[in-house]
Structures are given as structure tokens and as C-alpha cells.
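Quick note, the sequences are listed as chains A and B, same order.
Using our numbering, read the first sequence as starting at 708 and increasing by one per residue.
Using our numbering, read the second sequence as starting at 610 and increasing by one per residue.
Rather than coming from a laboratory, the hints here were simulated on the basis of the structure.
Glycine included, every Cβ here is placed at the ideal spot set by N, Cα and C.
Any given hint might turn out to be false.
Stated by the list, open to error - Chain B regions said to be covered by chain A (calculated; three or more residues, Cβ under 8 Å):
| # | stretch |
| --- | --- |
| 1 | 666 to 678 |
| 2 | 689 to 698 |
| 3 | 778 to 788 |
| 4 | 848 to 861 |
| 5 | 906 to 912 |
To be verified - Distance condition first, Cα-Cα at most 20 Å in a straight line; then the derived DMTMM-like pairs of lysine to aspartate or glutamate:
| # | chain 1 | residue 1 | chain 2 | residue 2 |
| --- | --- | --- | --- | --- |
| 6 | A | 996 | A | 779 |
| 7 | A | 760 | B | 772 |
| 8 | A | 900 | A | 877 |
| 9 | B | 695 | A | 749 |
| 10 | A | 996 | A | 1014 |
| 11 | A | 760 | A | 749 |
| 12 | A | 844 | A | 788 |
| 13 | B | 648 | B | 906 |
| 14 | A | 860 | A | 892 |
| 15 | A | 774 | A | 810 |
| 16 | B | 749 | A | 749 |
| 17 | A | 900 | B | 865 |
| 18 | A | 770 | A | 982 |
| 19 | A | 856 | A | 921 |
| 20 | A | 900 | B | 906 |
| 21 | A | 765 | A | 810 |
| 22 | A | 765 | B | 765 |
| 23 | A | 833 | A | 788 |
| 24 | A | 939 | B | 772 |
| 25 | A | 989 | A | 979 |
| 26 | A | 900 | B | 823 |
| 27 | B | 749 | A | 810 |
| 28 | A | 862 | B | 865 |
| 29 | B | 648 | A | 918 |
| 30 | A | 856 | A | 884 |
| 31 | A | 770 | A | 804 |
To be verified - Using C-beta positions, here's what the derived DEER-type ranges look like:
| # | chain 1 | residue 1 | chain 2 | residue 2 | range |
| --- | --- | --- | --- | --- | --- |
| 32 | B | 775 | A | 944 | 19 to 29 Å |
| 33 | A | 887 | B | 918 | 22 to 32 Å |
| 34 | B | 869 | A | 833 | 36 to 46 Å |
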Amino acid sequence: MRKQIVSALLAAISVFVLGGFGLESAAGRDYVIGMSQCNLGEPWRVQMNHDIKEAAAKHPELKVVFKDAQNDTLRQRSAVEEFINSKVDLLIISPKEAQPLTEPVARAMDAGIPVIVLDRAVLGDKFTCFIGADNVKIGKAAGQWIARKLGGKGKVVELEGLMTSIPGQDRHNGFREGIAGSSIEVIFQADMKWLEPDSRKEMESALSRFDRIDLVYAHNDPGAHGAYLAAKAAGRDNIIFVGVDALPQEGVAYVQQGILDATFRYPTGGAEAIDTALKILKGETVPKKIVLGTRLFDKNNVATGGEPLP
Amino acid sequence: MKLAFWKSALGSPAGRALLALLLVIMAGAIFNADGAFFKIGTHRDTLRQTSVYGILACGMTLVIISGGIDLAVGSVLALAAVCASKMAIHWNWPAWEVVPGCLAVGTACGALSGIVTAGLRVQPFIATLSMMVFARGIAKYASGGMKVSTVVQNADGSYRNVEVPPLFRAIDHSIFHGNVSVVTVIFLVCVAIAWVALSKHRWGRYLYAIGGNEEAARLSGVPVVGAKICAYVASGIFAAVAGICQAAQEQQGDPEAGVGYELLAIAMVVIGGTSLMGGRGGIGLTLIGVLTIGYLDKILSINAVPEAGRLVLTGIIIVAAVLTQRRGRT
């Protein structure tokens, strides 16, 4: 009996909590857009949702319903199926993986729902529009900036994002392409798995091994921040720190605070997705693929919103 | 005679645990990365890096000795880190309010786990697994899904920078001419507290008795439910301490912090020689286990061993260390 009361209570609480956290009705809007996010564990993806929300708020005829797949491919598949069943007018998806989500996306297209694929691709061509940035280009831009900054020579530490992930590989390859031909030497490289505490650990190892380090290139801003904290704790000045992503409350703020010397934006495409969605809903044609450019933030231009790079 | 010495040394769990640590440190001396292993800074860093895990392992030891397990420590750490950052950065609370506030959060999480396990008789694995998910959710909810950092959003959506709170600066600081990190001192204090509780206090003996044979303990008048709940509360408090240290070192509260830390803490406890079945072990052993894994991690890092190799080597060495522990314990 007691157990039943406890379970009933827990069930009641869950219903209450669910009600409080996000079930809203879509009545009274012209268009309902379903947004399937693969996970909200990363600030960058939180920012993407935020950008979409902000852009959509300017258009009262739009109503965006967000679903978070919590980094679970099958959960994301169900989210897409739910959106198909509730007959949304347009689907935006930032898929966790290409292969398993290709078919659900195709089924949405079959059901007459246009699909915008954001950031990560699906296979084949059964979608309306892909919007994404190019990590190789960003890595290359960072490499070229670093080569210029160091005058073509110097000792560099590279703190890599998860090297089994495509963005990690691309930011690495692009960077190597960018510094190719210069006398820049990468003296230490380690996989910090995008994590700040891990980055700090690896940087401490680099500091205890090498007495001279000119610059640290980290594949994301938290990584660069962790490396900065390590260098500061070790009393090592005169190291240049470069990161990637340039989220307003992370990398850009770090540049403002003088922690990082530069960061390169990896755009979320959230605002572009809403622009494109509006065009599609109004029956205009849109390109199949939109590649977003990056933006450099350093101490000279951070106050004016950075400098766009091609 | 020499043989007899070694036999008696290796006859005790502490001796065998020390042997494993010694072997790891010897490996460091051999693969010293151009002498980096012999610098004092390397050892300061090793101890600093491993302190947060070590603090979790202190609480974990108490729970494991009582025959339980606490999978929630990583999530409670994240929740405490988020709370500490909220209180210290956003609300400008002074340190003497932030620390008790966070410890209260840890206490509440631990008490819930303990009541569900000991009071409602849910298996500790399930009860603390639920707490692990629940606390992570609360951490994400409290932080709004974003890191709570010194970059604070204004009402109009723009951002302003605030100072890193003095509490964080004080914790992420080195003393004794920069040779010992404050977090390491905090870790050692935690070890001392856990040691006193386990070895000198009646409650510690209760935990051993419960872990050894719960039914027998109950029949001989041990307050089983109360003692077990206290073990989970202690684990929650230690996790909160670890969370404050984590936030101080990152200068922010990350709701995603501490993922997988519970498994590392369990590995540290087990490598030391504390039995997962409960009733056997000690905090000194855990200290050795913490150092073993900490040094192993550092040696792989200063040699820039690629990630794949690190994982494989770590797995092999943990099994080897546990097998050493088991030898002679028949």
C-alpha cells in the first residue's frame, strides 16, 4: 500500500514537472516548425537553439517546437517520427549521425514536410536544404592567422578535440594545411576530448616538458581556456592562446578579458535556418547547400563584432 | 630473512597496493619524458589533477565498505559545481555562505539516496543510478543548460564580465612556494576525516559490520538503517566538496562536469584493495589507489601517448593491480 502511494505520488510529480517544463500548445500560429536537436549537452547546441528561438521570435507567424534527443540516435528518430505524425509545416534537424537518420528524414520529405538539415549532414539528397559550416576552412584560417602572428616560426602546442570525431579531424587537418610551408613546429599534441579539465591536464604536461612554448591552438574555446589556466598557475607568461567556436559567452568573452588572443567562430546556422525556412514556406526556391563562413575575433575587432572571413 | 620481510609486506593489502603504486612510479622514472617526470611541478600537477577524484573516492570508500555503491557522485559534483558558481558568481555570496550552501545540497542528495536504499530497501545500484540521473537533471535545470561562468547575461541579452570570486581563486592556488595545490590539501583533509570516521569512530565499525554481514549486524544491535543513510550522506558531502573544487579550477559551473567520475572513483577504491563486496578495506588503501591511478594518468600524459593507447593501457593496468590485490587473500 505504502509503495503504491509513493509511486502514485512520483507519477503525479512527473506529470507536474513535464507540464511545467515545456509542453505548450501551438494554436493560433500560421506555421509550426519542428526542431530536432541531437543533444543539448554542449553550449554550442544550446546556442543553436537560442539563435533559432531568437530569429523565430521576430516572425509572429512562426511557432517552433524543440525536441532534444539527448545524444541518442533512436530517440532522435522517434522525435522526427513524432513531428511527422503531428504534421508540422517544416522540419529542422541537426542530426546526431548521418546513416540512421537518413531514412526518417526521407520519410518526412515523403510526407510532404520540407526538411532543413543543420550542421551535420544526412546521406543522399532527400532533404530540402543543408546549412553548415566547414571545419577544415576554419582550421585553415586559424593556421594562417597563427603563421602570420608568429612570423612563420615558433613552437606550438595543439590541444585536439575528440580525434575520433569529424570536427576534431577537420580542425586538425585544416590547421596543418594553414601552417604548411612555414617553420612552425608542433611540439606537443594531445586529445583533450573537447573538455576543459582534460585540456588543463594535457597543457600541464606540455608545460613540464617544454620550457619554451610560443602558442597554444585548441580545437575549442574551453580547451584554450583550460590551457590558459594551466599556464597561469605555472607562472608562464608570453604564450598566445587561440581557440575555436567563439560563442558570445565563451570565446568572445575570453578575448574581451584578454585570456585568448583569438578565436574563430563556428556559426550555429540557427538564424540562417529560420530565414531559409521562411523562404521555403513562402514557396521560394532555396539552394541545396549553404556553407557558412567563419568570423575572427581578436583584441582589435572584438568590440566591433569580429571580422568576417571568406 | 629478506624473503620473510617481503612475504609479510606482500601479505597485507596495503603492501600489495603500495607495490602497484611503486611499479607505476618506476614506470614514470623510466619513461620520464626528457626529465619532465623529475620536476617538482609535475608532481604538484599530478596531485592537483587527482584530488577531485580522490575526494569522491573518500566518500565512495565509506559506502563500499558498508556493502553499497554510489553511482551519483559525478552528478552531485556537477550539481554542487553549478550551485557554487551560481552562489559565488551570480549572487555574490561570500565563501562562508557558498560552502555550507553547497554542502547542504550534497547532504540532501546523499540523504535521498540513503533513504531510498536503506529505508525503502531499493538496491543501491538502482537507487544511486536514479540519483545520478536526477541530480544531473537538476544541475541542467538550475544552470539553464549553460555553463555558469563569469560571463553573465544581462536582461537585454548582452553579456558582461564579472570577477572570478575570491573563493575560487583561493581554492585554485598553490601554497608552500607554489609546490602544493590547495585542492590537494583539501583532499588530504577529506582523507583524514574519512580515516577518523572509519577507524576511530563507532560509526566506522558499524559500516564494517554491515558490509560484512548485514543480518548479523542488525541482530547484534547495530542501527543498520541509520548508519547506511549516514554513509550515503557522507558520500554526498564529499561529492559536494569535490564539486566546489571542480568549479574553482574551471572558474565556472559546468552542468556536464563529472561524467564518468563515479567509475574512476570506484576503480581507485578497488585498486587500493577495498572489497566491492563490503566489510573489508580502508581509507589508507584508497589513498594509495588514488595515487596509483593519478600517476598512471600523468605518465601517459607527459609522454603524449595517443588516446587509444592510453585507454588500453589503463584497462590492463587496473586489472593487473586488482589481480595483485587478490593474490593471497583466500
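We went through each hint and held it up to the structure:
no.	hint	in the structure
1	666 to 678	violated (count 0)
2	689 to 698	violated (count 0)
3	778 to 788	holds (count 3)
4	848 to 861	holds (count 4)
5	906 to 912	holds (count 4)
6	996/A to 779/A	violated (26 Å)
7	760/A to 772/B	violated (30 Å)
8	900/A to 877/A	holds (14 Å)
9	695/B to 749/A	holds (19 Å)
10	996/A to 1014/A	violated (23 Å)
11	760/A to 749/A	holds (17 Å)
12	844/A to 788/A	violated (34 Å)
13	648/B to 906/B	holds (16 Å)
14	860/A to 892/A	holds (7 Å)
15	774/A to 810/A	holds (18 Å)
16	749/B to 749/A	holds (11 Å)
17	900/A to 865/B	holds (13 Å)
18	770/A to 982/A	holds (14 Å)
19	856/A to 921/A	holds (10 Å)
20	900/A to 906/B	holds (15 Å)
21	765/A to 810/A	violated (32 Å)
22	765/A to 765/B	holds (15 Å)
23	833/A to 788/A	holds (16 Å)
24	939/A to 772/B	holds (16 Å)
25	989/A to 979/A	holds (15 Å)
26	900/A to 823/B	violated (43 Å)
27	749/B to 810/A	violated (31 Å)
28	862/A to 865/B	violated (33 Å)
29	648/B to 918/A	holds (12 Å)
30	856/A to 884/A	holds (16 Å)
31	770/A to 804/A	violated (26 Å)
32	775/B to 944/A: 19 to 29 Å	holds (22 Å)
33	887/A to 918/B: 22 to 32 Å	holds (27 Å)
34	869/B to 833/A: 36 to 46 Å	holds (37 Å)
The structure fails to meet hints 1, 2, 6, 7, 10, 12, 21, 26, 27, 28 and 31 from the earlier list, while all remaining hints are met.
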